[in-house]
Each structure stands twice: as C-alpha cells, then as structure tokens.
Amino acid sequence: MSSIFFIILRRMRAPLIVLIVIYAVSVLGLTLVPGVDANGQPAPALSFFHAFYFISYTATTIGFGEIPNAFSDAQRLWVTVSIYLTVIGWSYSIVTLLALLQDKAFQNVLVVGRFARRVRHLQEPFYLVCGCGETGALVCRTLDEMNVRFVVVESREERVQELDLEDFKTDVPALAADAMSSRILELAGLRHPQCVGVLALTNDDNANLAIAIATRLLNPQLTVLARAENAATVDNMVSFGTHHIINPFERFAEYLGLAIEAPHTLRLLEWVTGLPGSQMPVPHRPPAGAWVVCGNGRFAKPVVRELADHQFRVTVITPDASEPVEPPLQRVVGSGVRADTLQSAGIVEAVGLVAGTDNDVNNLSIAVTAKGLNPDLFVILRQNRVLNSPLFEAFSAQFTMVSSRIIAHESLATIITPLLATFLGEVRKHPDDWAATACARMEGMFGNEVPQVWTVAINAAEAPALSDHLARGHAEISVLLRDFQGNDEPLEALPLMLVRQARHSLFPADNMPLQCGDVLLFAGRGHARDEQRTALVNANVLAYLLTGREGSGGWLWQRFERWRGR
Amino acid sequence: MNLEKVVFAFFILLAATLNFGFFIGDIANPELHSVYELFAAIVVSMIATVLKFGDRTQIGAIHLATSLVADLQLIAAALTWAIAVHVTGVGMTAHVTSSVVSLSGGALFANIVSVVILIIETVMLRR
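Those protein sequence lines, which keep their order, are chains L and V. Per my numbering, the very first residue in the first sequence carries number 196; after that it's consecutive. Per my numbering, the very first residue in the second sequence carries number 360; after that it's consecutive.
By construction, these hints were calculated from the structure, which means they are not laboratory data. All C-beta atoms, glycine included, are put in the ideal place defined by N, C-alpha and C. Just to be clear, a hint being listed does not mean it is correct.
Residues on chain V that point at chain L, a partial pick, calculated with CB under 10 Å [said to hold, decoys possible]:
| hint | residue |
| --- | --- |
| 1 | Phe-369 |
| 2 | Leu-391 |
| 3 | Tyr-395 |
| 4 | Met-405 |
| 5 | Ile-406 |
| 6 | Thr-408 |
| 7 | Val-409 |
| 8 | Leu-410 |
| 9 | Gly-413 |
| 10 | Gln-417 |
| 11 | Ala-437 |
| 12 | Val-449 |
Construct all of the structure, not just a fragment, from the sequences and the given hints.
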C-alpha cells in the first residue's frame, strides 16, 4: 500500500509544483492590481484572503462572478491571464494522474498489493498452488470441493482471468506472476503461519525445481509436492529432500506393471486415490504376448521397460532411427499412423498396442488404424490434453493415460491425507488375493463410486470427547461406524488402517479397542465423515453411541443421573 | 553538480530565509511583518514539501515531516490573519499580530531543522 502512495507522490511532483506556482502568481497579481469602487473611483487591490478565494473558485471553474466588488479593467486583464494559467495547471495534473492510472507498472503494483493483502489476511490453513494449467485447475477444483483454502500463482495472465470466472466456494487469491521468483512466493504466503504446503505443478520442470528449493530454504517445515517429468529433475529434487515427487510417466508405468501382475492391488489403489464421487473405471488386465509400442519419448520408455520386465515381446515404432535398441526389443522405423508400418511391426499377431506419442491426434489415428487391422487389440492410449477427452472417451481404450489427472489424483491424495501414502506403501507389500478381498469389501459398501478418504486422530485436540472417554473407559472402532441420527444403522465408512505407535494394522476389525494416540484412516461417504466428527467432539452424542441412552448436557441433570444410578 | 540537488537546497533555504524575514522584528508591531512575505513563505514552503515527496529513505521521511510541520504552522498563521482582518474585523491588533508571528516562529524552527538535516546529509556524503 505504502509503495503505491509513494509512486503517486513521486509522479505527481512536477504537476503539483506547477499548480502551486500558478496559484501563487495569480493570487499575488490580484493583490497588486488596483480595483475600483461602486462610484468608479480607484480603490485598493484585493487582500490576500479575497484574492485566494477568488482564484480558488475561478481555477476550479466554479466561477461565482466578481466578488466582493465589480472588478476594474486592470483586474479583469489579470484575471483573464490567471484563468488560462490555472486551467493549464489543472489539466496537466489530471492528465498526469490519468496516465499514471493507465500505467502498466502502476497497475501491476496495485494488483500485487491487493493479492498480498488478501493472502496476509487468510485465517485458515491454506496450500500454495504454483501453476494452474490443466493439472493445477483440476487440483484447485477438488481442493475447493473439500473446503480447503488455497492460493494460486500462475505465469499466464489469461489462466488467472479464467480462474476468476470459476465458481469457487471460497475466495481464491490468484496472481499472474513467475513462481520462480522467491519474492512472489513470499507474497503468496510461503512464510505465512497458516501455509501448510506447496504444490509445484507447473509444466516446466525447472520452475518446479526452483519452487521446491525456495520452499526448502525459506520455510523448511512446509510439505512440498512437486511434479517432475525428467529423471534428472527427480534426482535433483530427491537430493534436497522434497517430500513428494510425482513423475506421471513413471507412475503410469508402475500402474501398468501392477495391472499385469497384481490387478487387484491396482484396483485397491484406484479405490482410495480416485477423485471422490467419480465412477470407478472398468478393470482390465493387459494380456501376455506380443506388444507394439508407438513413440519413444518420456512416456513410452518406462512403459516399454515395464512390458519387457514382464517378458512381453515388444516392438517399438519410432521415427528416430539413431537411438540404440537393446536386443530383446525390436524396432521398426516410421510413423505408427500408417497401416503398412503397423503391419511390419506385426500388429496382426500382437495382443496389445500402446499409442504413446506426444500428439493426441496421432495417438487416436494409430489406435483406430490398428483396431481396423486387429479388432481384438488391447489398447493403451496416451492423452496429452484434457480438452480432447470427448474423442478419447468415444474410442474407449482399455487404458487412457492422462498425465494431468495422474498428478492431480496423486497430489490430492498425499496432501489431504498424508497417512494415505503409508497405506499405499503397506498395500503394495500384500499379495494380490488379499487385495481382492479388500476390493470386494469396498465394492460391497460403495458400489461403483469412489469414496472420500480421511484421517481421524484420537487426541485431545481433534477428538476431545472420545479421548476424554478413553481416559476413563473403553471404546471400540465400531463406535465410530454407527449412525446416531438414523436408527443406529451402520455408517457408510470403512476403517482402512490403524496406526498405533508406528505399527500399522490394515483393515482393523470393528471390535478392535481404541487407545488414546491412535490414528485411523477411513474411506467413506461425506456425510459419514461429518457424523463421525460430531461423535468425536460432542460428548452427548458419544455417550449415546456408547450406551444407547440419551446423554444429558446440564451439570444439575448429570448430578441427578449419577445420584439416581447409585 | 546535480541540478536536482541545487533546486532542492535552494527551496529549502529560501523557505527558511523568507520565514525568518517575516518573523524578525517586534512581535506585536504589525508594521514590521509584511503579509506579502508571509504569502511568499507559504508558497515556497509548499513547493519545498512537494519536492520532498517520494523519497523512501529515513532521512527523506524526516525532511518531509519538517516541511509538513512548517506548512501547517504557516497556514495556521495565515488563517489567523484572515480571520482577524476579514471575519471578526478586529484588525491587526498587538494580540493578533503576536500570535501570527509566533506561529510563523514555530514554522521557522521546523525550517531550521530542515536546513540542519540538509547540511548533515551533505556532510555525510563522501562524494
């Protein structure tokens, strides 16, 4: 704010001085030029007071006339000069002020100042989202749906304007600026006491790296989640301890590997990391046999590696003949969009196809051509732009890889419920049959809709009623799974994991006793989460859930009940 | 030599000297205090104030503050004069004159502080 004030003062110096001088000259002249009285006799000139009064209303073009007496001709001559002088002075001032308001630099100062003020006044915990392209927008929308506050820094002006048009529930401070600058990051709340995490989601690896390192240095307590698409960037980020690094291509290849060897584990991951409220995809298992992969970029390489690891015969179609190919792989040089290239890669005998170039139209064209040659193909498509979703949905491949969606799911899941990362790690250690049973339970409870996942910590701050009760009595997990509003029907919630003193129990039984200090991970519907929260903080609701009787709130009634119970 | 510095110092000094010229003389005698001099002091003091706008340094802030004090005192003096002569019609009695002159004396003090700061600033400069 003060910088804006100083800029105005500095720019207005010249016009103000001109104005003061013009006023001074005009007023002084009027006090020197002789006047005339009602009888036409010479009279003394105006006093300073009257001269200043007259110039004030004349200069501002109010023009009351000749006050206090009619002027002499000499006075009129001087007033004519003064009128032109003052009009010039005022026009100069106003034009300078308008030019200042139009000035791009000045407007930028105004916008940045307003943004910084809004960030400073945030009272709730918030995340700093850097980069609001397709991925960032998806993350922002979901954060908003979950009532989590966030601040956006995005380099493109028009994306920020689009954000303003989005119908967010909360007020979202957004700034069009380069997030690689640490000053901008600080303005956006990097050192704000309520800032809980930074999401570096720009589509530029360098920018994400800069954001991650700035956060590491300026506010090391913050959780940092960064998107990285090159192996070098990932290594770099690991070296200074970035908490979560998401490489969408590696992650997709990992999912593909899971789909081949442990489809149920993959399904369980999809259950807990999907966007709440969305539909679960139809499960598919990539068949063993010969595969054709089009493209040789960041996407195709990990996929080829994963397929080759599972002893699939892979033929790569790539326009670039210079890159070396290791022996089990076969290569056809050319473009996959042509039928003859596909045929020479053996598409007719193949069981699967990966269309993984960085051009959406080419990917679709490859897939359509290949399907025409071999209708039973298992197709994996890479989708680069969210805008093309209708086309990809119409084709309905078995797997469609959208990197912005992978990043969004992953970042939301890890940032909103940090315990989920632990859970996912534990799940990967279990055999596929175990995951199959777990999936069956999820399906039984939630049908085909992805549930919310949340954490419940049994401690005095987050669960005052329950921890108070546990200090004296006994409670089981089941107490958190009953609906106190309905007729004690079970809540649509499933305990996924219980953490007690660094020991993890997956899918704990309902009759497991709770202890103070436990942390639970639940999957369930939104209303179940709300009811659970009430039971955790409201002693009366908890008493009803534990005993089946309505608790009484008042001190007198509690004494009475205790006396009666004796 | 920097023209900006010349203009800056010129106006600060001129404001102080004009103020001094108005202030000097028997405090109760209106004949010794010309209203034209008061007018000139006000105008120059205001120009000096505007010249000090926009300097973000600590010393710039004090400069601006002294000028604002001088303006305030001089305008108060001018108002006293205008009210006595035009509003109440008392005229320049010894009482009115002494209050106008003492107000300008306050402004003079502020202007002297301004000049002192200017000198200190110059002395501290090692170029």
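Hinted contact Ile-406/V with chain L - closest CB pair below 10 Å: 5 Å, holds
Does Gln-417/V meet its interface restraint, that is, does its C-beta lie within less than 10 Å of any C-beta in chain L? 14 Å, violated
For the hint on Val-409/V, does the least C-beta distance to chain L fall short of 10 Å? 5 Å, holds
Checking hints one by one. Is Leu-410/V an interface residue toward chain L, by the C-beta closer than 10 Å rule? 7 Å, holds
Minimum Cβ distance from Tyr-395/V to chain L below 10 Å? Cβ of Tyr-395/V sits 8 Å from chain L, so the hint holds.
Given Thr-408/V was flagged as interface, is its beta-carbon under 10 Å from a beta-carbon of chain L? 9 Å, holds
Any CB of chain L closer than 10 Å to the CB of Gly-413/V? Where the cut-off is 10 Å and the nearest Cβ of chain L is about 3 Å from Gly-413/V, the hint holds.
Supplied contact hint for Phe-369/V, tested at 10 Å Cβ to chain L: Violated, about 13 Å.
For the restraint on Val-449/V, tell me whether the closest CB of chain L is nearer than 10 Å. 14 Å, violated
Interface hint compliance - Ala-437/V to chain L, C-beta minimum distance less than 10 Å: 8 Å, holds
Let me know if the C-beta of Met-405/V comes in closer than 10 Å to any C-beta of chain L, holds or violated. Hint holds; Met-405/V Cβ to chain L Cβ min 5 Å, cut 10 Å.
Do the numbers back the hint for Leu-391/V, that is, is its least Cβ distance to chain L under 10 Å? 18 Å, violated
Of the numbered hints stated above, those contradicted by the structure are hints 1, 2, 10, 12, listed in ascending order.
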